[in-house]
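**Q** So you can see what is in the structure, the chains are spelled out below.
There are 2 protein chains.
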Amino acid sequence: MFRLKQMAIDTLGEHVVFIHEATVRDGNLGFKPLDRVRIRGGDREVIGVLNFCRDAIVAADEIGLSDDAFRDLGLREGVAVEASLSPAPRSVDLVRDKLNGRRLDDEEFCAILRDVVARRYSKVELSMFVLACALKTLDRDEMVGLTKAMIATGQRLDFGAGPIADKHCVGGVPGNRTTMVVVPILASLGVVVPKTSSRAITSPAGTADTMSMLARVDLDVAELRRVVADVGACIAWGGAVHLAPADDILITVERPMEIDTEVQMVASILSKKKTAGATHALIDIPVGPTAKVRSLAAAEQLAALFRTVAGSIDLSIDIVTTEARGPVGRGIGPRLEALDVLAVLRRDPDAPLDLREKSLYLAARTLEMIGAVSAGGGYRAALDALDSGAAERVFERIRDAQGRREPPPAAAHRATVEAQGDGRIGAIDCLEIARVAKRAGAPAHEAAGVRLLRVVGDVVAAGEPLFEVHAQNETLLRDSCAYATARPAIVQYGF
Amino acid sequence: MFRLKQMAIDTLGEHVVFIHEATVRDGNLGFKPLDRVRIRGGDREVIGVLNFCRDAIVAADEIGLSDDAFRDLGLREGVAVEASLSPAPRSVDLVRDKLNGRRLDDEEFCAILRDVVARRYSKVELSMFVLACALKTLDRDEMVGLTKAMIATGQRLDFGAGPIADKHCVGGVPGNRTTMVVVPILASLGVVVPKTSSRAITSPAGTADTMSMLARVDLDVAELRRVVADVGACIAWGGAVHLAPADDILITVERPMEIDTEVQMVASILSKKKTAGATHALIDIPVGPTAKVRSLAAAEQLAALFRTVAGSIDLSIDIVTTEARGPVGRGIGPRLEALDVLAVLRRDPDAPLDLREKSLYLAARTLEMIGAVSAGGGYRAALDALDSGAAERVFERIRDAQGRREPPPAAAHRATVEAQGDGRIGAIDCLEIARVAKRAGAPAHEAAGVRLLRVVGDVVAAGEPLFEVHAQNETLLRDSCAYATARPAIVQYGF
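Protein sequences appear in the order of chains A and B. Take any residue in the first sequence, note its place counting from 1, add 15, and you have its number in the numbering used here. Take any residue in the second sequence, note its place counting from 1, add 15, and you have its number in the numbering used here.
Where hints are given, some of them may not hold.
Copies of one chain are not kept apart here, so a pair can be met inside one copy or by any two copies together.
[As the list claims (entries may be wrong)] Computed cross-link-like contacts, DSS-like style, restricted to lysine-lysine with a CA-CA straight-line distance of at most 25 Å:
#1 K151 / K20
#2 K151 / K47
#3 K20 / K47
#4 K151 / K138
#5 K138 / K47
Read the hints as simulated data drawn from the structure, not as lab findings.
Starting from the given sequences, assemble the full structure and let the hints guide the process.
**A** This is the structure in structure tokens:
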């Protein structure tokens, strides 16, 4: 028996258990560092990974738990707990089967995701599952099974029979913050849009990162309901609502892998739309030589996947493919993107035209999909909502309802990167310009990133300024600029 | 700048960095939990994964390092260090290339393993590399490249031009402790055998675990040299000698995956033979329906892999395929296997015959391979060495030279599992009987495991005792017996 201790260590959800090495040795407990152990007190238990410590950290009769493990166990400090070795959950055998190419059924996916959500999987086992889904082709039934399992292992919001609208972009295009324009347009026309977005996974900013420059985004379920009841829409971070907690955990290993698989993406996106209560969702697939999706054929294949899975979970979707020859808007990074969004909603004369037009187009398609306007009437309705200021007013109400925040000041360290070629800018490499912004510190440093001074279609001469890098300190600024300067092909000239 | 603090936390080699959450927030450092950070002091640095803490763990002006990170940084407590975000090592891009199916060359494998050895890879990235090698077929050049990289990233022992003998079994057969019999036979005949073995990866005991019941095995390089100079042979744990440190680190993720891939296995085995100074190695491939290798065709394919790679690194090998219809010997688990080995070396009348005969056969093949005896004379020479007591005397000298240890007492909790069928035992399931032993606590609990009361070839009636389970406490005993009883097919009847 041990006394329970909270360790004041935040491990981002991973359960870590601290035990004194002398206790292990003298008690002949047979534990090794990194073993999986079960901590039990009364009828409560958690599984965690073991770290060995000495006196400074825990006493010989104590078991220490990291913050999340302590919270999930739900007992007070000082109560008596037991520790025992815990074998790998049985569902890991299913992951191994999948790695060997076997089909998994709905119940097997559920078994895996239940253990994932209960934090019984180690980092290594999570990686196995993600790579198994990435490398071994899932057939259509399996994709549906994975999606249903993601829905079943989380909670679900209900805003009634609808139509309840949602939108999603599969990503890969920096600065593409259409959500923050589309949602207020739709809401100003009476459409209910309980929008939850993710933080950046491998990009310099996710919609939740950018929205967090202007309002609180970590709403819990009760707050999200209240905001939607009040304004008809929200733009919140999905992570705090735990709508598809399995997906949130899998992302913690997908992020360092920088592996995006279609299967995981479709399951992740559609499960989140469904659990957020949506009845209709618009999916934006940007296509371009440096975007996530490279060809129209690949986009069509991905769209077919979306349609199959959506059909099996009773979700109406519309899919648009959009051309991506570079970032959307001028800013890349949370603060700089937020400024673009404000400029569009406020109809500033120098607001980025591409962000404005793309948002109008997506809003129009959504309005027509849900039947809020007659076919062909979507663009006009969206344009009126934006240009009348109705969308801006709704956006400001959303900010107030979620908890208004003002954007941080500009980053203190800035430098300009110049054109190394001449001519009309035909394309800007989405992947590379995103890396420049990330090296500058985005999204962790909110004001860091890239501000495009020239965009696709502009004519430049060598030596003219192309973009500004914003960073919080000189080291990051220098590193980011050096990376950019060494890669002149980030910008391509020609038509 | 922070003051360096040692955290008294042992994470089995992983570098963990502890920082106060208020420091991150107030300093706007842009760190997130689990970020990879670089800790620098003077010209020394380490890379580690970040945990956020509060007052109880580190002060606001401190950076805490886990034991291995602190040791690898090599600075004193209290010195000033800097912390900065560290991007993923560039070689992770190569791992991603491999996951996408690209060929890697020798230098690229070296680049990956150099970063692995320097602890720059996270658990997730290590998993990616292991699974990339497991799931994407490496061609022969790549296998050689991986093996050479494992050799190049470690140190190398040199015992002269030789012949220096080594042996290895690819595993999958519980109780198969022939090494501990073969090595003293060879050494008693004047053959130099600097044997290093591994601890259990996925099995209830590795040779190093079993040998550790009778002698110290964690010899460093100087001690290993001394023992070999003194006795002509050793049976040590390879992990303390760091002969192929990349492999030791990769095993920490392979173990929980329970994925054995041929490529990783061949590279791992041959690199360790080479760096241990061997000129000749005998490879034992057990073949059976429940062994690691299931058919003679698969064994021949694996043998071809071994020959290709061995030929490219200038190592002479001989390969034997042995039949595996069940465990070798009677004990499964460190203590119980050690007793089997002692019984064979001491020529006890009830010593397990299969362990004795297999060891003699392997010793004979090795003697003939290195030319220590003329062709066909190996068995006679081995038999004389064993039956004269010469091998036993050498084994006792090895125990003394390494540091003698006496086996622990028998486990306090034992129960018998009975036959659920009648007839001659045709086979015992290697995988399942190993799982029974592991559930009983092996190898962490040294005396835990399984003792076979009946072996392949014996005739039994339903209700007769088949094997004993040994465990350190009642819970493990019950769990293990329940697992065994629920699986009557562990033992198959028939010829």
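**Q** Evaluate each hint against the coordinates.
**A** Going down the list of hints, with the structure as the test:
In this homomeric assembly, K151 and K20 never come within 25 Å of each other (Cα to Cα): the closest approach is 42 Å inside a single copy and 45 Å across copies. In the homo-oligomer, the alpha carbons of K151 and K47 never lie at most 25 Å apart, since the shortest distance is 33 Å inside one protomer and 32 Å across protomers. For the identical chains of this complex, K20 and K47 are neighbours both inside a copy (20 Å) and across copies (24 Å), given an alpha-carbon limit of 25 Å. In this assembly of identical chains, K151 and K138 lie within 25 Å of each other by CA distance both inside one copy and across copies; the values are 19 Å within and 21 Å between.
Taking identical chains as interchangeable, the C-alpha atoms of K138 and K47 lie at most 25 Å apart whether they share a chain (17 Å) or sit on different chains (17 Å).
Checked against the numbered hints above, the structure breaks hints 1 and 2 and satisfies the rest.
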